[in-house]
Amino acid sequence: MAEPMTITEKILARACGLEEVHAGEFVNAKLDLALANDITAPLAINEFRGAGLEKVWDPERVALVCDHFVPNKDIKSAEQAKQVRDFAAEQGIEGFFDVGRMGIEHVILPELGIVVPGDVVIGADSHTCTYGALGAFATGVGSTDLAAGMATGEVWLRVPETVRFVYSGTLGRYVTGKDLVLDTIGRIGVDGALYQAMEFAGEAVAAMPMSGRFTMCNMAIEAGGKSGIIEPDEVTMEYVSGRARREPVLFSSDNNAVYADVMEIDAGAVRPQVAKPHLPSNAVDAEELSGMDIDQVVIGSCTNGRMDDLRMAAEVLKGRKVAPGVRTIIIPGSQHIYQQAIKEGLVDIFIDAEAAVSTPTCGPCLGGHMGILAAGERCVATTNRNFVGRMGHPESEVYLAGPYVAAATAVTGYVSVPEEVLA
Amino acid sequence: MIFEGRAHKYGRDVDTDVIIPARYLNTSDPDELAGHCMEDIDSGFIGRVKPGDIIVAGENFGCGSSREQAPVAIKAAGVACVVAASFARIFYRNAINIGLPILVCPEAVRETGTGDELRVDLDAGEVENVTKGRTYAADRFPGFMQEIVAAGGLMNRVRQRMAEK
Chain A
484 MAEPMTITEK ILARACGLEE VHAGEFVNAK LDLALANDIT APLAINEFRG
534 AGLEKVWDPE RVALVCDHFV PNKDIKSAEQ AKQVRDFAAE QGIEGFFDVG
584 RMGIEHVILP ELGIVVPGDV VIGADSHTCT YGALGAFATG VGSTDLAAGM
634 ATGEVWLRVP ETVRFVYSGT LGRYVTGKDL VLDTIGRIGV DGALYQAMEF
684 AGEAVAAMPM SGRFTMCNMA IEAGGKSGII EPDEVTMEYV SGRARREPVL
734 FSSDNNAVYA DVMEIDAGAV RPQVAKPHLP SNAVDAEELS GMDIDQVVIG
784 SCTNGRMDDL RMAAEVLKGR KVAPGVRTII IPGSQHIYQQ AIKEGLVDIF
834 IDAEAAVSTP TCGPCLGGHM GILAAGERCV ATTNRNFVGR MGHPESEVYL
884 AGPYVAAATA VTGYVSVPEE VLA
Chain B
14 MIFEGRAHKY GRDVDTDVII PARYLNTSDP DELAGHCMED IDSGFIGRVK
64 PGDIIVAGEN FGCGSSREQA PVAIKAAGVA CVVAASFARI FYRNAINIGL
114 PILVCPEAVR ETGTGDELRV DLDAGEVENV TKGRTYAADR FPGFMQEIVA
164 AGGLMNRVRQ RMAEK
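First to last, the sequence lines map onto chains A and B. If you read the first sequence in this note's numbering, its first letter stands for residue 484, the second for the next number, and so on. If you read the second sequence in this note's numbering, its first letter stands for residue 14, the second for the next number, and so on.
Bound-form chain A, shown alone (with noise of 0.2 Å):
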């Protein structure tokens, strides 16, 4: 008889063919997909060419995806993209994204199906944690980490301990996943699961949609964490039928499974959320903020840019205008979603709305394009950090929010909840 064990153990367990493991271990897991994009696929490829290797172990497994920096928004970038693509093709990768075909990395996986419950996925860029939503273990990885893994189809772990999450109670109106996440990593910090799995439950989760789920467990890097993890359930399944190329194996924590902590949230309590500069953890209630001024708003990006969120901003944005003075941007996180948001009439409103409306790209989240700050101009992002220098100038401000506060403020000109505008 094993010993309890949680999700991220089982899951890690069968991937190293054990019957069972436990948090402190080093292990070799098996991988079932290794993930890189447009800035980290360069320096991976020049490891794996460095160290004279020659084929990926398996060329199905292999996911290659241009969102970073594309459409190339330069010379040097174009390069970076032609090195991926040339490999990709080199390689016989299916799985490489380009123009026209991609979406944002942790967007279009999980909706092409790529990554499925009970899968344990690497990827070269720190939001792979995204995929714990589908109940996989996805965390982030560097470049020559994700080498290693395309070489041999494996990667070294140590298993993490586990944080459980317990959210109580019903949200309120227009209170989403993003504010239940900034609320808790405003409560641990931002290294408070520093080394850990963040295991999120409770009633609140299981009432929200999987877009919820992914956002909050994209966030879990924000907090250190290694991964975040939600057991799957009916609306996972849902999601997942009809979209996973492969058998999904599904795993729940054991009731007396071991936890570094608990934490109960009264989710009902949470109100809608901001970050102020610069760092996720500064999170406050919205209304805090209330009254200041903002120069441009962002809707998007692998933390938002899912089509429930563009729903949301439509909500917000139907029939009114964008203020003036401030630039809106609305980036859809797929090709599907945006033509989805197309038919559903929401680019329609958008753009009545006076609203920019872009092909996918990761682009302004990280300061690479499409919406780069000047000096002194603030913005509300629904994207996933506020360092210094993130979205542009050094001396420019990202606060974070989800879809609600940032399509409200929009309207106004400054923070505002959606109560401001929806009344």
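Derived by calculation from the structure, the hints in this document are not laboratory data. Take these hints with a grain of salt, some might be off.
Derived SDA-like pairs: lysine to any residue, alpha-carbon spacing no greater than 25 Å straight-line [stated by the list, open to error]:
no., chain 1, residue 1, chain 2, residue 2
1, B, Lys178, A, Trp540
2, A, Lys556, B, Gly128
3, A, Lys538, B, Met175
Quick list of simulated restraints, FRET-style, between CB atoms [what the hints assert, rightly or not]:
no., chain 1, residue 1, chain 2, residue 2, range
4, B, Arg132, A, Asn739, 45 to 53 Å
5, B, Ala150, A, Tyr742, 26 to 34 Å
6, B, Thr144, A, Glu502, 48 to 56 Å
7, A, Glu503, B, Gly24, 50 to 58 Å
8, B, Glu130, A, Gly535, 39 to 47 Å
9, B, Pro119, A, Gly507, 49 to 57 Å
Virtual Cβ for every residue (Gly too), placed ideally from N, Cα, C.
Based on the hints, put chain B in the right spot on chain A.
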């Protein structure tokens, strides 16, 4: 391995966006990256840093993005070693994988200021502040990671293992 150099001291939560801003990630060239190392937190760093210098920082050094260009830029700027109170996990792995020596030593961090002369003995796991005449014991790498370091980085270890197969 022993390193001797002057300390450049920073606070906690130094993120990879300030170590190497994303606007420079359109290249993988280490020297080009090094030219912008620490630019958004300390624009004078590149002008002051001397080969063999040591970065000393508080908790959670290297948090945020997984960009390996962060430890690459630090190493290519001539920094011999980073001593921090703690490291964010992806940065920690990346540093070991590319051969940038790092040590966890909160006590040394607390008592070290910019300009102090340090002597770091990686094998003994020791940080000496020569200026202040103090020596501190640092955490040593777990055995698993020492293997990677001994192999000269992760890709060398992968190459060894592929050859064995």
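Structure-based check of each hint:
no.	hint	result
1	B/Lys178 to A/Trp540	13 Å, holds
2	A/Lys556 to B/Gly128	40 Å, violated
3	A/Lys538 to B/Met175	12 Å, holds
4	B/Arg132 to A/Asn739: 45 to 53 Å	49 Å, holds
5	B/Ala150 to A/Tyr742: 26 to 34 Å	31 Å, holds
6	B/Thr144 to A/Glu502: 48 to 56 Å	54 Å, holds
7	A/Glu503 to B/Gly24: 50 to 58 Å	41 Å, violated
8	B/Glu130 to A/Gly535: 39 to 47 Å	41 Å, holds
9	B/Pro119 to A/Gly507: 49 to 57 Å	21 Å, violated
Comparing the model with each numbered hint stated earlier shows that hints 2, 7 and 9 do not hold.
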